[in-house]
Amino acid sequence: MYELTGEGKKYLEKGLPEIVLLKEIEKENEIKELKKKFPNFNIALQWAKKNKWIKIDKGKVILVKKPSRYDISESLKRISKGEDIEKEQRDILLKRGLIKEIRESIEKKAKEFIGKEITNLDPSLIKTGMWRKVKFKKYNVKATGKPLYPGKIHPYQKFILNVRRKLIELGFKEMTGPTIETEFWNFDALFQPQNHPARDWTDTYSLKNPEYGELPDKKIVEAVKKSHEKSWNYMWDEKKAKKLMPRAHDTAISPRYLSRGVEVPGKYFSLVRCYRPDVVDTSHLIEFNQLGGFVIGEDMTLKNLLGMLKMFATEFGKAKEIKFFPDYYPFTEPSVQISIKNKNLGWVELAGAGIFRRELTEPLGINVPVIAWGIGLDRLAMFALEINDIRELFTNDLKWLRNSKVL
Amino acid sequence: MPTIEVSIKDLEKLLGINIDVNKLKEEGILFVKGEIEEIEDDTMKIDIKDTNRPDLWSAEGIARELRGHYKIEEGMPKFQIKKSGLSVLVDKKVEKVRPKTVCAVVKNLKLDDEAIKQMIQLQEKVCQTYGRNRDFAAIGVYDYDKIKGPIKYTTFKPRELKFVPLGFTEEMYLDEILSKHPKGEEYGYLLKNQKEYPIFIDSVGNVLSMPPIINSNYTGRVDCNTKNVFIEVSGHKLNHISVALNIMVTALKERGGEIYSVDVKYGGKNITTPNLSPKKAEVNIENCRKILGIDITGEEMIKLLRQARFNAKNNGRVIEVEYMPYRNDIMDERDIIEEVAISFGYNDIEPEEPKIYTRGKELEIEHMSDKFREICIGLGLQEILTFTLTSKENILNKMRVSGNIVEIANPISSNWNVFRNSLIPGGLSFLSDNKHVEYPQKIFEIGNIVKIDEKEETKTKDLRYLSVLLTDIATGYENISSILNSIMKNLGIKYSLEEENDKRFIDGRCSSIVVNNEKIGTMGEVHPEVLENFEIEKPVAGLEMNIEKLLP
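Top line first, the protein sequences correspond to chains U and G. Residue numbers are given in my numbering: position 182 of the first sequence equals residue 182, and the series is strictly consecutive. With the second sequence counted from 1, adding 1000 to any position gets you my numbering.
If you're looking for bench data, these hints aren't it; they were derived computationally from the structure. Where hints are given, some of them may not hold.
What the hints assert, rightly or not - Listed below are the simulated DSBU-like cross-link pairs for lysine-lysine, each with C-alpha atoms no more than 30 Å apart in a straight line:
no., chain 1, residue 1, chain 2, residue 2
1, U, 219, G, 1183
2, U, 158, G, 1549
3, G, 1092, U, 323
4, U, 239, G, 1519
5, U, 137, U, 152
6, U, 226, G, 1290
7, U, 87, U, 77
8, G, 1279, G, 1313
9, U, 158, G, 1279
10, G, 1451, U, 218
11, G, 1489, U, 303
12, G, 1538, U, 399
13, G, 1183, U, 303
14, G, 1451, U, 208
15, U, 158, G, 1461
16, G, 1461, U, 242
17, U, 225, G, 1519
18, U, 303, G, 1355
19, G, 1265, U, 219
20, G, 1361, U, 303
21, U, 318, G, 1096
22, U, 341, G, 1025
23, G, 1183, G, 1265
24, G, 1355, U, 320
25, U, 152, G, 1361
26, G, 1117, G, 1093
27, G, 1148, G, 1092
28, U, 81, U, 35
29, G, 1280, U, 158
30, G, 1519, U, 303
31, U, 152, G, 1538
32, U, 341, G, 1549
33, U, 226, G, 1280
As the list claims (entries may be wrong) - Just a few of them, taken from the derived set where beta-carbon distance is under 8 Å, the chain G residues facing chain U:
no., residue
34, 1036
35, 1188
36, 1190
37, 1194
Computed from a prediction, not measured in an experiment: that's the story for all the values here. Each residue gets a CB set at the ideal place from its N, CA and C atoms; glycine is no exception.
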């Protein structure tokens, strides 16, 4: 417990010198004059300056801003009412000699506990040493505590961050691209013909607003057009390529980077949301996370691709058994799918991959093999989080989030 | 991509051996890039993944390919073609409607129920997927014994001709078929705006069909009693429809049929179809080794390619191959290299990680997001994760605002028809869903929003945002303002607050967050009408800001 000193009482009544000073300088602001009139001028000046209320210019005190509220005044008032204040404020007031501790009151308080069985260990008992004369009530220490809800990272986000960290450890550089893509990058640059079942490889959304975007450098567009017309034997339509759509697969990002120039040899990845108009059920979402990327290098082979996929299966899928399946993607040849053995579900697809077709890489100015892969991250997260319904990954269930384990 | 149904017994008959279904599922089916999705009694549902291999979309095609890999019959399959003497006269009038056709006759068939089922399934899948829903290629199969040649491919006016369409008993005019027959309703759009409709008709006036819509009930009905068939494929490009015809006749050949050619006469220019002369390609042996990463000799490659039904011979540094023209997928040497790999067996290649040294690097914005995440968690906030797709209702109407937003043309649900331009509505939906969960509730989200931006290549721009929402019986501006203060202080970011008018928040309790003289976000007490719209019953104070603007 604290009480005001004589000085403290005086200031409570008349106002702290720094506050008085602010009133005073409205009439007189010459330092020379103020010093004469004002007994506590130095203290007042020091605090007013510290609070940035005033500045001194050519021997005059100039007002910078008036405080609407002053913590030290407030604290003084609270002490006078016998209230407790924050330590930081208490220290200032003690240092300025405006308050002092009430020794007698502490002893009085502590004495009341003597011989009794206490619940809370009062600070007065520690300060006076009288804790030696009390008994401590025994608690039921076996009772579990009341739960608190700490701030937590979203479990799926945590999973995503772990995957990202892992890839960076493995030497991959992160790429990203816009959520809304032109069909050019989502399809055309990936050698998917404009009017061919290969383009239905995935059913996609299109946009009402905005409808069309722009195409990149003419040189690339011409090269892509030529590649399509030569291999697929149709008239490539520039307007269709300009159409905007939500990115349907992670692979849409790779040709952007390849066309801009990448390190060779190099390893790249991206981890983004993709969109497809599916019927939402326990295993399908219309918005999902995909992880994908490529390794580019003169000596890259199918054998290396399989090696990389196997490593992903161990790192991300904790898989003990893996199996490769021949697969089809319009943009890779050879194409492969890797599945991992899950004890409940049997063989589960982990990733699709392949070596980018030359019809794709050459128009982008790349003449070395590029081994590419894509992983549906949601399915992997379901395994890690022990979730059976994919919709729970984006659940609005606060209870579940509060109770989820930290990954 | 197409999923087809195949009878196990039928496949065994076509292969000439008994099948161990488990082994087929684990190994054999991989040779045709297939996946057995379901087995019920004798029926297997097989997903054939290659959209470029319509020749594999039937039991006959799968059997032909597997015979190679089971070493029953290797190399390129052989097909004999005899002359039927039948002509199809193509009238100039079809040029504007559906200009091309190729035809064939297959004789001496003994079709059982399964064979008929496979033929119909193949015809459907080829028309649907390869033929773009009959636009690029439509196939008609007819009872050859009911047809008197020569056949004419011409056009008629809608009311100029009547015939009984398949499955019906009465004669109908052409326009009636388009409006009343189920197939007319389904595919009629392909003949939209045409003044005359394409017709195959024989020399005694029997209609065969109105492609690509429907066959006639008389000639176009094929069943177990049909011995000889006439097949036509119609479309826009000869090379395209020829592949479809080749697939149909070679599949019927697997059923014991004999292929006969037809003379298709285009005015002065005659072609004889089907044309099953082999196509040729080359593959460099060294390139094959380099791409696959396996040590393989030319002789081994030849053996593997013959199992994949290619003819192959070594010519020094290259292997010369021949393959059937129903294969539509070979554009590059790589396509043949993949055949070598599949025959070799992907699981027989020893995987080897790429040995390349590179330095990993995450995106700056992810690094930045992590810093915000760390402080928010320290402040006791629970992270949430919501969809970027949302509803117009949520982000505009309920928030009392209007605006130009990114909108989907073909949404499957009005719950997901636009991209979010703010994180706050998603957060409010979250709070609304958790009204009965213990308070206080303090949440944050870090994620992308999408805004329209004419300057960008994609006319839109992704922005990384942070939002924080607090709700309790009593919570307000002061609480959210100290959260912001702590976040900014801990990141060493100097900011100021300016009075802001924003209809989403209570007037006089809303500010804009300003950093380096630029507004980066908004903070305030959510307007009670917004709370009402989200059916939230406790006060909510919140903020959102563009953290991308804070990147160093």
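Query - Hint check against the structure, violated hint numbers in rising order - result: 1, 3, 4, 5, 9, 11, 13, 17, 19, 21, 26, 28, 29, 30, 32, 34, 35, 36 and 37
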